[in-house]
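Undergrad: Single-letter residue listing:
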Amino acid sequence: MPKKKAARVAPATKSTKKKVKAVKSKPLSPKVKKVPAVAKGSKPDEELSVAVTFRGGHGQPGLVSMRSVASAEQRKACEPDEATLRKTVELLSHHGFELSSRGKYSIVVRGSRKDFEKLFGTKLDVARLPLASDEMASAESVYFPAAGAPWNPDPGIAQLIDDAYIQWPHIYMNSRFAVPPSALPPRVDFHHLRVPGDVAMLLNAAKVHRAGVTGRGVRVAMIDSGFNHSHPYFKENGYRSSVVLAPGATNVATDSNGHGTGESANLFAVAPDIQFIGVKLDDDAGGPGASMLAGLQEALRQNPKVISVSLGFDLVVDGTRKHLTPLPNSLKALEAEIQAAVASGIVIVFSAGNGHVSFPGMMPEVISAGGVFVGEDGKMQASDYASGFKSKIYPGRKVPDFSGLVGLASNHADYIALPIQPNCEIDVDNSQHDGSKPGDGWGLFSGTSAAAPQLAGVCALLLEKSPGLSPSEIKQIIRRTSRDVINGSANKASSEGVIVKATSGGDGATGTGLVDAFAAFKQL
Amino acid sequence: MNKRSELDSVPISLLLQSSCRNGDGIARVEAIAERLGMDVTSSGKTSVSCTVPPSVFQKLFGTKLTQIKAIPSGPSDFGTPSGLRSEEPIPVPKDLAEFVELISIEPPSTRMSRSPKV
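Going down the list, the sequences are from chains A and B. Heads up, the first sequence stops at 524 in the numbering used here, and the numbers go up one at a time, no gaps. Heads up, the second sequence stops at 1118 in the numbering used here, and the numbers go up one at a time, no gaps.
Just so you know, the hints here were simulated from the structure itself, not pulled from any lab data. Please read these numbers as outputs of a predicted model, since none were measured by experiment. Every residue gets a Cβ at the ideal spot worked out from N, C-alpha and C, and that includes glycine. Errors might be hidden in some of the hints.
In silico negatives: residues of chain A with every beta carbon more than 12 Å from chain B [said to hold, decoys possible]:
{"hint": "1", "residue": "Pro-61"}
{"hint": "2", "residue": "Pro-150"}
{"hint": "3", "residue": "Leu-160"}
{"hint": "4", "residue": "Ala-183"}
{"hint": "5", "residue": "His-191"}
{"hint": "6", "residue": "Ala-299"}
{"hint": "7", "residue": "Ala-452"}
A partial selection of chain A residues facing chain B, derived with a Cβ cut-off under 8 Å [what the hints assert, rightly or not]:
{"hint": "8", "residue": "Ser-291"}
{"hint": "9", "residue": "Ala-294"}
{"hint": "10", "residue": "Ser-351"}
{"hint": "11", "residue": "Gly-355"}
{"hint": "12", "residue": "His-356"}
Pulled out of the complex, with its shape left as it was, chain B reads as follows (with noise of 0.2 Å):
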């Protein structure tokens, strides 16, 4: 199996308005969201979540995209894994604009465990 590279496309979680954080919302907000080229992978109650391509990301929000590197374990956790950080806020396309509030790039969680390497 290919290992997946977090430059293979890139997560996004995209808040909903209050006004949007229902049924009718969410799927609104999914159907602009495929439509736009990103691929919806999860949505809750008042997120919905994407990964997108980074050729879709860099033409639809322009921002640069920096890798976070991984963390290996350390004396107060077992590490945390690599990831993509935004250098500038992203700007919310006009389609999305009336249902969407923020749209940002999750990091990468630390597992709250240790395991110190003596």
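Just chain A, with the same shape it has in the complex (with noise of 0.2 Å):
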């Protein structure tokens, strides 16, 4: 587990709310070597992290200001109501915090120093973390309220919330990251793609950022194996994101499959300044993680506006690969609760998968994300590795409904090179045959996992030029402004060994084409 240092501020309870000395942090370790000195010119970030939890019901403390363990029913009482909890984004918001994330008994929410102290009338401080020689955090130094510090909240937030917590950065608990890796991908000697500049390039987003639109403000939530953004790539780029683990799933800094960390960073190519909230699945101690649909609902818990899930069930009758219809009980909460998400307003992109029957790639109300190779020469064709079927369990549909950049089986789909957690699984099995190294921390993969994320992403850049937009209207705008692919064909394992091709106009290999994010954004 990664030690996790929340800055504690003093509670905000009715008996202390005028003014009160911040509670001095203790000493992280005090067996750890300190580093001498912060280097030069690494200040804080003066964005900051702020946990904030709630009071009990009737005013009584809440769970971080109880002096004993909480009893089952005091739990309770601590989980704030919605009407409270929509206050307190609200007013926060008034005061310059966006929220970041929300769980059971807390929120996340970001904003700048200079906010956090006047809504808390306090005064912080450069505090360094005294870390060991051979410890990596995700930043030597925080803003935190020093000893003694004045301490005088917001009535209006103080009657609403029960404590504030400035986070720290966080130490990483994998030695092997002790050197971290290049925020460069590998060079390699075969024709791919690097994020996020060819990615945003070749789905026409890059002339979207020029104009001024780059998904800010976005909540977009992304469901899979976990979210290792410490990788110097995401930093670099200035990508920020929150991540929250679904019911099963263990420790948000840590991704050891690496599927997630990749695939998240073809949704920050194309939309780079979205409120990214990663729902992890996994459990890195080995244990079954979260369901899908467990994810699915702690995702709608955040808020979201769009919802990306490079995840999904091959539907083929055992042994075969003849379609199952009808579609199993097993899978019908799911297919209910993402049918009431896409009714409420929430965009859904799902794979349409790799040769699989891809379900919920399959269901009518998602997007579901096919495959377009574009060569060294410019040249798109449809991808041979991506799906492209006619649904058995939903007459009438066809899956995919456009494409993102997914490369060729007979290059193993070694396509675009992302940033993983070095040593993570992919990395390690992925180097026998793209060009990268066992814990270099990149791996060259694509499929239709990369798929969904790009499109995800343009859906975001839709939204913020167009908040009101449906589900629907979005399908709408980037299927008539994709552009066409005439060449190749799908994988046929999707397809009970029919040959699917790329012909002119809409059709079963690529759906209606390459998304053009610049194309679909001059229709609003």
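Make one complex out of these two single chains by using the hints.
TA: As structure tokens, this is what we get:
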């Protein structure tokens, strides 16, 4: 587990709300060797991540202010009701703070040092992490109330919350991470794409960025194995993210598989300024982790506008490639949850599959992301790695809707260089053929797992420009503006051996073709 | 840290009746589920997710569980984790029948990128 150090700020209870000294944080560990000083110029981030907890019922102290372990009843009383939550978020937003994520008992917001000082009537100083020489943290210092700092929270906020904690940078517990990976991908000797530049350019998102639209303020949740955004690539590009755990998942800071971390780079390449909420499904200790439904339920709690999922179920009869029908009962709760979420205005993007007969990627309500390969000469063709099929469960439904960038089967779909946690499963496995080295923190891979977050990024760009767009309007806009692909065919493993070719106009291989973010943007 | 196994607890999904897909309905289902020995882990707009110890699962539902083996990374994806499957339809307990349409165990999902071992 990572050492997560919360900077405790004095509780804003009625008895202490006037002027209270900030509680000095405990030493991180008396045994660690302290770094002598923070390097020149490495000032803390001016943006703070602040965890906010709530009071118990009837003005009682909240969970963190209790002097003994809370009972189940006390814990229940500390869950904020929707009205309190909404009021708090609104008030914090009025004071310049933006909601990052919400849990059962707390929310996390981001805001500037100045806004924090103003809202809580305090003064923050630079605090340095006493790191051991072999330790690395996501930052070496943080703004924090010094001993004796004043504490005069705004009365409005003091009424609503129990406590506010500036979140300390986390220390990486994986010793292998002590040597950080490069922020740049390795050089390989075959045609491939780099994030963010190549992906943004080929999807014509770079032009949208130049028009000033980058997904700012749009909440996008991504459900996957995990998200290790401490990789220097994410920091170097200035991406912001928060990660929540679905029930059963462990450790917000790691991703021992690597899938979620890598695919999230596709999303940021297209929409760099989104409010990214990663919903982690995996238990890095090797347990079963969370189901997709539990992940979706957790994602919905975060109030996203877009959800991207690069996972699915291959609905074929056991031991064959024959389509399974009807939908198994075991997936009906997931189906209903997706239908309700889309009906409430959330855009949900799923991978169409890599020869899989992919569910939920075949649901009519979702955007189904297929694959197009763009060669070194710029020519487009349907990826023979991506699925293209007619659903037998939803008559009339053709998969995919349109496509993102996916490699070819002949090259193992090794196509996009993506940052991953060093020594994670993908880092080790893929290095056998993708030109990267095990442990270098990079992998070249794609599949419709890459296409789904790319398309989700395009949706986020459209929603920044026109926040009122419905999921079906977004689908229609992207459909009519995609670039037609007339060469190649989809992976026949998804279509019971029938070759589905890309042809002029909409087709079963790529849907309406490769998405064109700028052409879609111009429609608004 | 001890590695948890699929057999430590059974993850189940409760699909709510249409009339119950609201805040009050979800709260009622959560309360009944907990009373029956389920541990509510999360809920959405139409469903509630729970985990149940295998002994409680047997007592409540009486259906046989089978372990689904993990599928390693293959030519078309990064593999599928292991999971559980119920051999027969899972009956809805009497106390939940008014509110819950279906109880099921969701199978593990597949990661849609590839990592062929060569």
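Undergrad: Go through the numbered hints given earlier and state which of them the structure violates, listing their numbers in rising order.
TA: Of the numbered hints, 6, 7 do not hold.
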